[in-house]
Amino acid sequence: MTRATPSDNRNQNCRHFSLPDAELFYWPAYLTAPAADLLQQQLSRELHWQTASIRIYGREVAIPRRQVWMGEPHCRYRYSGTDFLPEPWHPRLRELASQISQALQHPFNCVLLNQYADGQDHMGWHADDEPELGLAPQIASLSLGQSRRFDLKHRQLECQLQLLLQHGSLLLMAGTCQQYWQHRLPKQAQAKAERINLTFRYIAPK
DNA sequence: AAAGTTAAGGGTC
DNA sequence: GGACCCTTAACTT
Ligand SMILES: [Mn+2]
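Residues in the first sequence are numbered consecutively from 100, following the working numbering.
A few of these clues could be false.
Pairwise CB distance ranges (calculated) [claimed, not checked]:
#1 PRO163 with GLN261: 16 to 22 Å
#2 ALA216 with LYS252: 21 to 27 Å
#3 LYS291 with GLU145: 33 to 39 Å
#4 SER152 with ASN112: 18 to 24 Å
#5 ASP136 with ASP228: 32 to 38 Å
#6 ALA292 with GLY233: 32 to 38 Å
#7 PRO230 with ARG154: 32 to 38 Å
#8 PRO304 with ASN112: 33 to 39 Å
#9 LEU260 with ILE153: 32 to 38 Å
#10 ARG177 with TRP224: 18 to 24 Å
#11 GLU293 with SER152: 18 to 24 Å
#12 LEU260 with PRO230: 21 to 27 Å
Since the hints were made in silico from the structure, they are not lab data.
Just so you know, even glycine gets a beta-carbon here, dropped at the ideal spot from N, CA and C.
With the sequences and hints as input, model every part of the structure.
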């Protein structure tokens, strides 16, 4: 296992959070600023961003952000009663998935991209606990652009955490984070610029 | 079939 | 205006 652990992660400029029922690892500058700038511009321009509609409490509503689901052809993804088929890999993202897989010593074969135009775009409390992701999925979250707050709260314990996800940073959610915790990206009126988030996941082939 | 809901709207401070 | 709670009421698994 060559992934950063609590004992060696300082050498790799990684912050480790050992929480009840969850492990988080945060690399503030996984990508250099110029590399992150370039990737953000490229993705913003070249991807087919969609405003999906989902059903919630009986209402059909447009999600307050734009998204793309991408990866290996077998990676079907379902949430809030809507089925998503993956777009084929963008070459740069296939490469990035492979680099992150190697760095974290964990396979990633699909990615959900979310584009938040400004602080009005957001995502409410939820967990990435879809059955196709398995019991204790590892989720690697790369942030580009506008820094945004990221909140986590335990489902049962009075335990909450706020992180600031910065341009070029990588956050790994591991352990039983998705089973015992929820997370959100709250509205932030003062955030004026675009953020793009990439959450790399692994879905086993059938 | 009971439980859970990645949403918005309306209240308060 | 904005941050934070609470409610919503119907569909899904
Ligand atoms: Mn999520």
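Discussion item. Quick check on a hinted range of 21 to 27 Å for LEU260 and PRO230, using CB atoms only.
Written reply: Since LEU260 and PRO230 have Cβ atoms about 26 Å apart, the given range 21 to 27 Å holds.
Item to complete: Return holds or violated for the Cβ distance of SER152 and ASN112 against the range 18 to 24 Å.
Response: Hint violated: Cβ distance 40 Å, outside 18 to 24 Å.
Worksheet entry | Range hint compliance [Cβ, PRO163 to GLN261, 16 to 22 Å] | holds (20 Å)
Worksheet item: Using the C-beta atoms of ALA292 and GLY233, is the stated range 32 to 38 Å upheld?
Response: Given a distance of about 35 Å, which is inside 32 to 38 Å, the answer is holds.
Worksheet item: Is the hinted range of 32 to 38 Å satisfied by the C-beta distance from PRO230 to ARG154?
Response: Check failed, 18 Å falls outside 32 to 38 Å.
Worksheet entry | CB-CB spacing for ASP228 and ASP136 relative to the 32 to 38 Å hint | With Cβ atoms ~33 Å apart, the hint holds.
Worksheet entry | Distance restraint evaluation - LYS291, GLU145, Cβ atoms, bounds 33 to 39 Å | violated (23 Å)
Discussion item. Taking the Cβ atom of GLU293 and the Cβ atom of SER152, is their distance within the range 18 to 24 Å?
Written reply: Taking Cβ atoms as reference, GLU293 and SER152 lie about 22 Å apart, which means the hint holds.
Discussion item. Between the beta carbons of PRO304 and ASN112, is the distance compatible with 33 to 39 Å?
Written reply: holds (34 Å)
Worksheet item: Are ALA216 and LYS252 spaced within 21 to 27 Å by their CB atoms?
Response: Between ALA216 and LYS252, where Cβ atoms are some 26 Å apart, the hint holds.
Worksheet item: Does 18 to 24 Å hold as the CB distance between ARG177 and TRP224, or does it fail?
Response: Check passed, 19 Å falls within 18 to 24 Å.
Practice prompt. For LEU260 and ILE153, compare the CB-CB distance with the range 32 to 38 Å and indicate the outcome.
Written response: violated (26 Å)
In the structure shown, a violation is registered for the earlier hints numbered 3, 4, 7, 9, in ascending order.
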